[in-house]
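Asker: These are the residues of each chain, in order.
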Amino acid sequence: MGLIFGIVVKRLGLGLLTIVVISLLIFLGVEALPGDVATAILGQEATPETVAAFRKELKLDLPPHVRYFAWLGDFMRGDLGTSLANKRPISELIFWRFGNTLFLAASAAVVAVPVAVILGILAALYRNSLFDRIISMVTLSTISFPEFFVAYILIALLSVQIVIFPSISNINDQMSFWQKIHAIILPSLTLTLVVVAHMMRQTRAAIINILASPFIEMARLKGIKRLRVIVLHAFPNALSPVINVIALNLAYLVVGVIIVEVVFVYPGLGQLLVDSVSKRDIPVVQASGLIFAAVYVGLNLLADILSIITNPRLRNPR
Amino acid sequence: MVFFKLLRQSPWSARIGLAMVLLNVFAAVFTPFIAPYSETEIVGDVWLPMSADHWLGTDHLGRDLFTRLLYGARNTIAIAFVTTMLSFVVGTILGFFAATLGGWTDLTLSRFIDILMAFPTLIFALIALSVVGTSVTALIVIIALLDSTRVYRLSRAVAMDIAVMEYVEAARLRGEKIWWLMRQEILPNAMPPLVAEFGLRFCFVFLFIAALSFLGLGIQPPTADWGGMVRENAGAITFGIFIPLWPAGAIAFLTVGVNLIVDWFLHIASGLKE
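Residue numbers (this note's numbering), protein chains in the order written: chain A, 1 to 318; chain B, 1 to 274.
Treat the hints with care, since some could be wrong.
To be verified - Covered, in the sense of this in silico footprint (three residues per stretch, anywhere, with C-beta under 8 Å from a C-beta of chain A), are these stretches of chain B: (1) 108-120; (2) 172-182; (3) 206-212; (4) 243-253; (5) 257-265.
What the hints assert, rightly or not - Computed footprint of chain B on chain A; a stretch qualifies when at least three of its residues, placed anywhere within it, have a C-beta under 8 Å from a C-beta of chain B: (6) 144-157; (7) 258-269.
Unchecked claim - Each pair of labels, with its calculated beta carbon distance range: (8) A:R226 x B:L173: 56 to 66 Å; (9) A:I208 x B:L101: 34 to 44 Å; (10) B:M117 x A:S213: 23 to 33 Å.
Since the hints were made in silico from the structure, they are not lab data.
Yeah, the Cβ is synthetic: ideal placement off N, Cα and C, and Gly gets one too.
Produce the entire structure from the sequences given, and follow the hints as far as they go.
Answerer: This is how it looks when you write it as structure tokens:
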């Protein structure tokens with residue numbers, strides 16, 4: 001047990017280091033601008049006075065390392081600075097939207113994970129059957145589709161041809177839970193379809209990999225019943241890759257949500273990030289980018305740790 | 001000749017994929033000859049239905065949609081292709097470099113790229129674009145650099161196996177420089193997996209550019225490109241006009257085609273008979 005603990009702590013440290021380096025990159029990205037950020041954003045016509053004021057507002061008059069630590073320290077304390085576009089504190093803008101994004105991602109995950117795992121296992125068990133071929137074809141097409149194509153097809157079918165669900169998912173705090181669910185059904189369905197396709201293909205590959213290994217063949221040749229082979233021999237070994245697949249796809253979901261949010265004008269963090277990029281509201285971009293990155297790195301870390309725990313072979317690195 | 005032999009053995013799915021890709025390439029290359037109108041010419045009313053004059057109707061400014069789709073193919077495919085090429089040049093050079101030199105060059109490069117890869121590409125691109133502003137050059141350079149991390153991983157792994165071969169050792173001993181080693185000894189032997197990867201990366205880059213254009217941060221109007229066309233015409237769908245589905249479908253059509261070919265390539269590469 002102590003050994004696992006050590007490895008997990010090491011992983012966590014590595015994850016933390018990654019996030020620190022990412023925060024540095026996000027910060028330095030602005031520094032690396034040729035010329036001066038202030039003039040680049042304000043344009044050529046800006047007077048020296050406005051540029052100076054703007055530099056002060058971005059705290060560009062302080063040396064870089066001081067600014068970096070100040071920024072990171074404030075970030076840790078929940079003070080994300082103020083938006084350039086509307087002068088409101090960024091934390092006020094972000095937290096409600098981040099909650100909405102997590103709500104949307106979670107609603108997709110709750111449906112997608114069981115469906116994808118069950119379909120993946122079935123496709124692997126009956127591989128090269130008609131069922132497997134059809135599913136392979138459908139998922140290969142789905143992962144080739146851009147998310148917005150799936151989204152607009154769903155809108156065309158379920159919001160225009162038959163008017164059941166809204167094509168704009170506006171939610172607010174006054175709505176009850178079920179009203180919110182009704183409002184986000186289409187974006188959630190879009191995400192579910194895309195993620196199921198990815199996850200199912202990877203699950204299928206992982207299970208086939210295990211079914212092809214010698215110990216399964218051995219168990220079959222000993223004459224053990226098919227169900228017993230699957231439950232007792234294949235399942236414990238499949239757990240590690242499948243958990244890994246799930247965690248990685250959840251990480252993908254958090255990022256994939258951005259485009260879907262824009263399609264459905266959903267008030268989430270992704271929408272805010274995209275808006276801020278086009279407005280060049282750099283403090284908001286930095287803050288929301290760092291939050292997305294931290295969640296993504298965190299979920300990848302979770303995938304690593306879970307696969308170390310479920311796979312004894314990974315506990316003894318050479 | 002090898003190509004035709006491969007083609008004869010290919011499954012029907014790969015042939016369909018090849019046909020889909022060739023159709024797109026044909027449309028992209030011969031756009032000015034096929035297109036009935038010019039790229040930004042306004043030819044009629046807004047969102048006209050399909051007719052003999054306008055095969056797919058008109059867009060949100062009254063431009064011929066079929067023409068825009070053709071020019072979109074030209075612009076989107078060309079930019080995605082250039083980006084993928086650039087990403088392969090950067091990725092393979094760095095990857096081969098790390099594999100041939102080894103030691104701390106390899107270690108620092110690999111750790112740095114690990115960290116870059118731990119970062120979601122879309123977020124990275126968005127932050128970078130917010131800093132440098134949106135232009136085609138910025139788009140190509142940013143996406144190529146981000147994507148070259150994946151190419152680096154593969155080319156380093158492949159070159160690692162080749163760099164320990166006797167013929168590389170022999171070349172090293174007769175005093176060849178590192179560039180010569182990389183170009184003459186490693187590159188020809190690393191070609192097959194890199195070619196398969198090229199298809200995969202192209203798909204990814206293509207979808208990525210389409211997504212950024214859709215978000216309004218990629219190729220800027222009035223240049224026709226498929227992602228941007230979906231965005232411009234998105235409003236039509238709530239009136240029951242399915243115009244945005246055409247460019248979105250075109251994106252899907254090309255990526256499905258490339259994926260069908262890549263799937264078959266990977267199948268050959270994995271050596272599976274089943």
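Asker: Which of the numbered hints are not met once you compare them with the structure shown?
Answerer: Hint check: 2 fails alone, others pass.
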